[in-house]
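Chains A and B, in that order, are what the protein sequence lines are.
Under UniProt numbering, the residue at position 69 of the first sequence is numbered 69, and the numbers go up by one with no gaps.
Under UniProt numbering, the residue at position 73 of the second sequence is numbered 73, and the numbers go up by one with no gaps.
Treat each hint with caution, since some may be false.
[Said to hold, decoys possible] Think about it this way: if two alpha-carbon atoms lie no more than 20 Å apart in a straight line, the pair counts; the simulated DMTMM-like pairs of lysine to aspartate or glutamate are:
#1 A:K54 to A:D17
#2 A:K10 to B:D120
#3 A:K50 to A:E68
#4 A:K10 to B:D215
#5 A:K60 to B:D116
#6 B:K163 to A:E39
#7 A:K54 to B:E197
[Claimed, not checked] So the derived label-pair ranges between C-beta atoms look like this:
#8 B:R69 to A:P76: 43 to 53 Å
#9 B:Q82 to A:Q66: 19 to 29 Å
#10 B:Q82 to A:M1: 30 to 40 Å
#11 A:A42 to B:K66: 54 to 64 Å
FYI, nobody ran anything at the bench for these hints, they're computed from the structure.
C-beta: ideal position from N, C-alpha, C; glycine also.
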Amino acid sequence: MTAPNSAERKACWDARDHLWKCLDDNDDSVASCQRFRTEFEAKCPAQWVKYFTKRRDFLKYKDKMQTEGFTPAQGPQGS
Amino acid sequence: KLCRTRSISRPAQVGGRPQARFLSGDRDTAAAAAKLKLRTRLLVTVLFGGSLLGVWWYVHAEREQKLQRQRVEQLRQVALGQGTFSLVDHTGRRRTKRDFLGSWVLLYFGFTHCPDICPDELDKLSAAVAALDRNASLPPVQPLFITVDPERDDVAALARYVKDFHPRLIGLTGTAEEVKHAGRDYRVYASPGPKDEDGDYIVDHTILIYLISPDGLFLDYYNRMKSAEQIADSVRKHMESYVTL
């Protein structure tokens, strides 16, 4: 399969941005944003869907760490 | 009697002795001397302060130059890009490192199936080169793109890809061995991920733009945090301080 060209990349990024905006507005409710999700999956190669989904998870996690703070995992307990 | 009147008429007199006359006469000269002393003191302070500033500025400039020299020396010792590479460009023409000697080069490793980072970095690289192009007194910079995905990025794929960026951008590919050799030269990390049902995969790789001098030596690098303006400024500084070997 050939790599997406410039126009196709932009179409994918726009679909992703619409989906992410919807998720942001709807408290990450995938059900509310099903339409955008379908559009996103149609416009982007499967690998990119996976990649951007993981990226969003990571960005949310990073946000959480920065706002809520980080409690280090407790080491082995007991003797 | 005369003596007494004369002594009274003089102000700060101490019993009309010659001493009083000496003191009052000396007040005028004392005032003049004080003014002179003040002017001299001011002059001395200004000169002293000025020379302190001068010394500080000189030391600062020397230190900056020394830091720049140290950095170049450190990068030289890291010895990136010392070897040669032999690759094929996006027009099918074979190119080796020798072909780019004599030019300033900005080099980026990536792959055409890259979701967002490579297009972003290549846009940034193109913008930096365009900014440098606007300065007619500087030599033209050669932008290069070397693939880390030779399996999919053949000559045709590269040709389709590079036309979206700076007109002078040259894409380079080759056999797996040739590409690996070029990547190793710049200590580029590249790791193809698992293939999905479409046979598609993402290549995890080092995200850096390398600056190479006309001698073919690696001089500097720019990560994702650097903007196009910052890169252009840095390249300009390197060009201005560059001394041909």
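How the hints compare with the structure:
no. : hint                       : result
1   : A:K54 to A:D17             : holds, 14 Å
2   : A:K10 to B:D120            : holds, 12 Å
3   : A:K50 to A:E68             : violated, 27 Å
4   : A:K10 to B:D215            : violated, 38 Å
5   : A:K60 to B:D116            : holds, 18 Å
6   : B:K163 to A:E39            : violated, 27 Å
7   : A:K54 to B:E197            : holds, 18 Å
8   : B:R69 to A:P76: 43 to 53 Å : holds, 51 Å
9   : B:Q82 to A:Q66: 19 to 29 Å : violated, 41 Å
10  : B:Q82 to A:M1: 30 to 40 Å  : holds, 37 Å
11  : A:A42 to B:K66: 54 to 64 Å : holds, 58 Å
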